[in-house]
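Chemist: Taken in order, these protein sequences are the chains called A and B. Under my numbering, read the first sequence as residues 1 to 234, first letter to last. Under my numbering, read the second sequence as residues 1001 to 1763, first letter to last.
FYI, nobody ran anything at the bench for these hints, they're computed from the structure. Owing to the predicted nature of the structure, the values given are computational and were not obtained by experimental measurement. Don't take each hint at face value.
Estimated spans, in silico, between C-beta atoms of each pair [claimed, not checked]:
#, chain 1, residue 1, chain 2, residue 2, range
1, A, M197, B, E1673, 57 to 65 Å
2, B, P1392, A, G183, 43 to 51 Å
3, A, P27, B, R1088, 56 to 64 Å
4, B, I1460, A, G183, 55 to 63 Å
5, A, F12, B, D1195, 42 to 50 Å
6, B, L1081, A, F12, 51 to 59 Å
7, B, R1165, A, N37, 37 to 45 Å
8, B, R1165, A, E166, 54 to 62 Å
Where chain A lies over chain B, by a calculated footprint (3+ residues, C-beta under 8 Å) [what the hints assert, rightly or not]:
#, region
9, 1437-1443
10, 1491-1503
Covered by chain B, according to a simulated footprint, are these stretches of chain A (three or more residues, beta-carbon under 8 Å) [unchecked claim]:
#, region
11, 41-52
12, 66-72
13, 84-97
14, 103-111
Backbone N, C-alpha and C define an ideal beta-carbon position, used for all residues, glycine too.
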Amino acid sequence: MALELKSISVSFGGVMAVSEVSLALEPGRVTGLIGPNGAGKTTLFNVVSGIISPNSGRVILDGHDLTSTPPHRRARRGVARTFQRLELFGSLSVLDNVRVAAEIAGRERPDVVAANLLEQVGITGRADSVAADLSTGSARLVEVARALAIQPKVLLLDEPASGLDEDETLRLGRLLRGLAADGLAVFLVEHDMELVMDVCDVLHVLDLGRLIASGSPDVVRRDPAVVQAYLGVA
Amino acid sequence: MLALLDVDKLLTFTIIGLSTGAIYAIIAAGLVVTYTTSGIFNLAHGATGMLAAFTYWQFRFAWGWPAPVALVVVLLMLCPLFGAATERFIMRGLKGTTEVIRLTVTVALFAGMLGLANWIWPPDGSRVAFRRFFEGNTVPLGGINVSWHRVITLACAVLVAAALRYIMFRSRAGVTMRAVVDDRDLAELNGGRPDRVAMLAWALGAGLAGLAGVLLAGEQQLNIEPLVLLVINAYAAAILGRLRSLPWTFAGAALLGLLDSYYLGYLDGRIIPSTMFGFSLNGLRASIPIIVLFIALVAMPVSRLRVGAVRFREKHREPVWSTSLLGAVLLVTFVIAISGMLTRANTLLAINGFVFAIAALSLVPLTGYAGQLSLAPMTFAGLGAIAMAKLPGNGSILTLAGAILIVAGIGAIVALPALRLSGVYLALATAAFAVLVSKLVFNQRQTFQTGNIDVPTLAIPFVDIGSPRSRLILLSVAFAVLGLCIVALRRSPLGRRLIALKDSQAAAATLGMNLTATKVAAFAISAGIAACAGALVGDKVSPQQYDFLQSLPVVLLAVVGGVASVAGALLGGMLLGGSLVLVILAPAMTNISKVLPGAIGITLGRNPSGASEQIAENFRALAGRWGLISVAVAGGTGVWFLANRGIISNWSFVFAIAVWTLGVVPNLPALAERFDRRTVSAGIWLAAGMAAAAFIDWGTAVGSSGWRLLVLIAVVFTIGPIGERLLDRSPRVRPGSPDAIGLTDDLTPLEVEDAERRIGVVL
Ligand SMILES: Nc1ncnc2c1ncn2[C@@H]1O[C@H](COP(=O)(O)OP(=O)(O)O)[C@@H](O)[C@H]1O
Ligand SMILES: [Mg+2]
Chain A
1 MALELKSISV SFGGVMAVSE VSLALEPGRV TGLIGPNGAG KTTLFNVVSG
51 IISPNSGRVI LDGHDLTSTP PHRRARRGVA RTFQRLELFG SLSVLDNVRV
101 AAEIAGRERP DVVAANLLEQ VGITGRADSV AADLSTGSAR LVEVARALAI
151 QPKVLLLDEP ASGLDEDETL RLGRLLRGLA ADGLAVFLVE HDMELVMDVC
201 DVLHVLDLGR LIASGSPDVV RRDPAVVQAY LGVA
Chain B
1001 MLALLDVDKL LTFTIIGLST GAIYAIIAAG LVVTYTTSGI FNLAHGATGM
1051 LAAFTYWQFR FAWGWPAPVA LVVVLLMLCP LFGAATERFI MRGLKGTTEV
1101 IRLTVTVALF AGMLGLANWI WPPDGSRVAF RRFFEGNTVP LGGINVSWHR
1151 VITLACAVLV AAALRYIMFR SRAGVTMRAV VDDRDLAELN GGRPDRVAML
1201 AWALGAGLAG LAGVLLAGEQ QLNIEPLVLL VINAYAAAIL GRLRSLPWTF
1251 AGAALLGLLD SYYLGYLDGR IIPSTMFGFS LNGLRASIPI IVLFIALVAM
1301 PVSRLRVGAV RFREKHREPV WSTSLLGAVL LVTFVIAISG MLTRANTLLA
1351 INGFVFAIAA LSLVPLTGYA GQLSLAPMTF AGLGAIAMAK LPGNGSILTL
1401 AGAILIVAGI GAIVALPALR LSGVYLALAT AAFAVLVSKL VFNQRQTFQT
1451 GNIDVPTLAI PFVDIGSPRS RLILLSVAFA VLGLCIVALR RSPLGRRLIA
1501 LKDSQAAAAT LGMNLTATKV AAFAISAGIA ACAGALVGDK VSPQQYDFLQ
1551 SLPVVLLAVV GGVASVAGAL LGGMLLGGSL VLVILAPAMT NISKVLPGAI
1601 GITLGRNPSG ASEQIAENFR ALAGRWGLIS VAVAGGTGVW FLANRGIISN
1651 WSFVFAIAVW TLGVVPNLPA LAERFDRRTV SAGIWLAAGM AAAAFIDWGT
1701 AVGSSGWRLL VLIAVVFTIG PIGERLLDRS PRVRPGSPDA IGLTDDLTPL
1751 EVEDAERRIG VVL
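Can you build the whole structure from these sequences, using the hints too?
Modeler: Set out below in structure tokens:
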């Protein structure tokens, strides 16, 4: 068990954005989290990465309670993430975005690490351009590379495929499978159902802050509660 | 009998305190209203009140208008108009800029208003007194007599509180205002008009500032700086209200007023001695609000990491070694070359320019890279000067190193409590620090014993640095070396971290970066560099040079020059030094020079990357073309040679070198490109321009120095642009007008996403 969330609840001004969510991520697996907009997926990611602290519940990584650990220490313990609303370092070059992460993590030859990671996610030839000038799709891939630069144990991806074209999405799927094969625990929030069904080993469904279904993608797909949440039919 | 006396005394000091608090409350309320509706913390809010007080004085006492007429004109007409115009023409243009720029523009406004007041109402002019309302009349109240002015002040505060409550909760405009406070985007979607609301709020805020200014002037008389600074105290009240809550702001203001008056009545000189361990505590009373401000800031809840990076209009580039080295060498060569031609007075001015430039340079890593605004660079410079003078070693390199280390340490320590803060809160904390140091440290016998101290010149083995000329050269070398250090920093891992801190704190933290440690490093480096600005002056200095108000123009011009680059710091420092040059050369221009920095700063909304970036844009085509660069350098050397041999006069040298660098050099790449009618005609035009610049004896042709400067500017801006037109260089790309985005400029990914979010495609 790499990461465990124990009955996490978050409320914003009385509105429960996440309520009593418990789930676990396993190394070597891609765990999917889906749900309509506003379901609380990003909020849950913010809890895991330490950007907000939950009203109740605990975040446990490899047996260590991280609930009150600041974000940068969680990162050093192996939690990395990307952002739904892009958070690239806009005035650094694409290469430096990844390099600075490798430097923060204290890796040897950060420039080489960065160049390799960019190649791995499929960003080539744009290493020297300013990050602010990237298209959404490329920017998302750079965020993935940057998160990988700190050699995480748990990787949280918030809608990494939105803005990617079909080829890029396929490539991303293969990358995620590869990362899982290397022992990473991948936590994927994504609206592209094809990608989710393709790469996820386990799927959780969030609606109005609650987990309404969990299981293998095939099982979840047929779950009546999920169908209702997505299509609004009884 | 004794007990009775005590009650009277208590009552007296309570009423004094409450009426002081009432003034703070009125100012602070205006500040809160504008901040919450427009998101801009108006550092010039106090200056508005000051200007209003002066205007009122002009009408009421100088021209003898009846008080009600003067009050209506100033408070209900001029102030609101001024506030609305400020919002409409200055602040509204600041969308999409960083908080640093937004704050700096209000600093510009501050500096401009200060200059304007000094211009219209020179401090030395004798004036009719500013009298209180109903001066001499008192009301008996519980056994003591209270002046009508105080009663009116208190009544005003109560009225303002009631009126604000009514406006905010009952009127349509107020309800919209509160909606805007809660969620600007949402208010906009629901048909509210945040811009109109912001304009109203600024009008209201300026009116309140004016009211407070008039009331305060009745108590304190008309003195520009005390008025402006006393108003800064009101910031503490606004911060106690967390810049949002008006009731808490009023409570905070009352607390501050009472603290001040009880201190005066009960503690000063009795319980708290006037000296302690040999240190004077004279400045303590005036520091109370600042101390409260500091405590309130430190007690602020930690701001949550903001997710959702904003796309800023500023553009900055990583400096390249070759250009930086070339720049450093050229700078020092240039200074050595002209230093022999400068008069003593001009040399001293140039020295000043470099001192400012080094102070501005200290903001590059902190403000330019890490995005943290400090309003105290000159305070650190002052600490550096003291350290250089007091540390053993008599100005040796080791003394300098010690001074840098000590001040860097102080910078780190000051930063620590302030680090949890960001943006406006951090800027205010540094302002509080600056004022505290002025009031409690710089006025000690142990620091500036007799009002000024002698900072030894840097002792370098085998080099004699005694004359102003050698000090100027030393300072230019120091700037060049420090500038190269900054370039090295920017290209180092720490430099990348500083940028990461500015661009996205959320991403930096979730990648494992310790934000606090990084900010401390930025503060320490910045303080260390600022220390050099003080330690290297090699002259007598006085505490006034390191006052809080002296930091404002430095910050302002650093940002105007371009705070993310070394060249910008140099340009900013020289602009500041240059506005002093204007004063010396042309007394008639003194007044213009006073408002100049403010006037330039206000344009930041249009060009947030700074002037150096814009100028650099002109020279970018030269990059890496060493042949052309040699031609450029050779031309400059040639002009210098002519002047040095006495073939052309000093003024002709100034004209020729300006035309060469600003008019001809940017056109060199296009000239060299091909050989046809266009290039030939442009070449002839530029050569003729150069000849005119060099061989007309401007010193005799134009009568006064002030006119010469204006003619110089006109000449430079005729020769260069016409040459450009002849060469048909496409018009320079101006950093995007916001109106063009989406029409002629492509939308960036983040804008697309923002649009998507607003439409509801993604959340
Ligand atoms: N900082 C915040 N303040 C108030 N409400 C928030 C905040 N962040 C998210 N919410 C609310 O919490 C709910 C969940 O949002 P989010 O986690 O972004 O959903 P998802 O990522 O699943 O689309 C939404 O109703 C959203 O409006
Ligand atoms: Mg989301």
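Chemist: Note whether the CB distance of B:R1165 and A:N37 lies within 37 to 45 Å or breaks it.
Modeler: Holds, at about 38 Å.
Chemist: Tell me if the beta carbons of B:I1460 and A:G183 are separated by a distance inside 55 to 63 Å.
Modeler: Given about 59 Å between the Cβ atoms, the range holds.
Chemist: Holds or violated: 56 to 64 Å for the Cβ distance of A:P27 and B:R1088?
Modeler: Because 58 Å falls inside the window, the suggested range holds.
Chemist: Given the hint of 54 to 62 Å, is the C-beta distance from B:R1165 to A:E166 inside that range or not?
Modeler: 59 Å, holds
Chemist: Given that the region 1437-1443 of chain B was listed as covered by chain A, double-check it with a C-beta distance under 8 Å for 3 or more residues.
Modeler: Per the Cβ count (0), the hint is violated.
Chemist: Does 51 to 59 Å hold as the CB distance between B:L1081 and A:F12, or does it fail?
Modeler: Roughly 41 Å apart at Cβ, these two residues miss the hinted range, so it is violated.
Chemist: Between the region 66-72 of chain A and chain B, see if three or more residues pass the 8 Å beta-carbon test, and mark the coverage as holds or violated.
Modeler: holds (count 3)
Chemist: Range hint 43 to 51 Å: satisfied by the CB atoms of B:P1392 and A:G183?
Modeler: 60 Å, violated
Chemist: Holds or violated: the region 84-97 of chain A covered by chain B, criterion of 3 or more residues with Cβ-Cβ distance under 8 Å?
Modeler: Since 11 is at least three, the answer is holds.
Chemist: Are there at least three residues in the region 41-52 of chain A whose beta carbon sits under 8 Å from a beta carbon of chain B?
Modeler: Our answer is that it holds, as 6 residues pass the Cβ test (under 8 Å) against chain B, meeting three.
Chemist: Do three or more residues from the region 1491-1503 of chain B put their C-beta atoms closer than 8 Å to C-beta atoms of chain A?
Modeler: holds (count 7)
Chemist: Using the C-beta atoms of A:F12 and B:D1195, is the stated range 42 to 50 Å upheld?
Modeler: 28 Å, violated
Taken one by one, the earlier hints fail for this structure at numbers 2, 5, 6 and 9, listed in ascending order.
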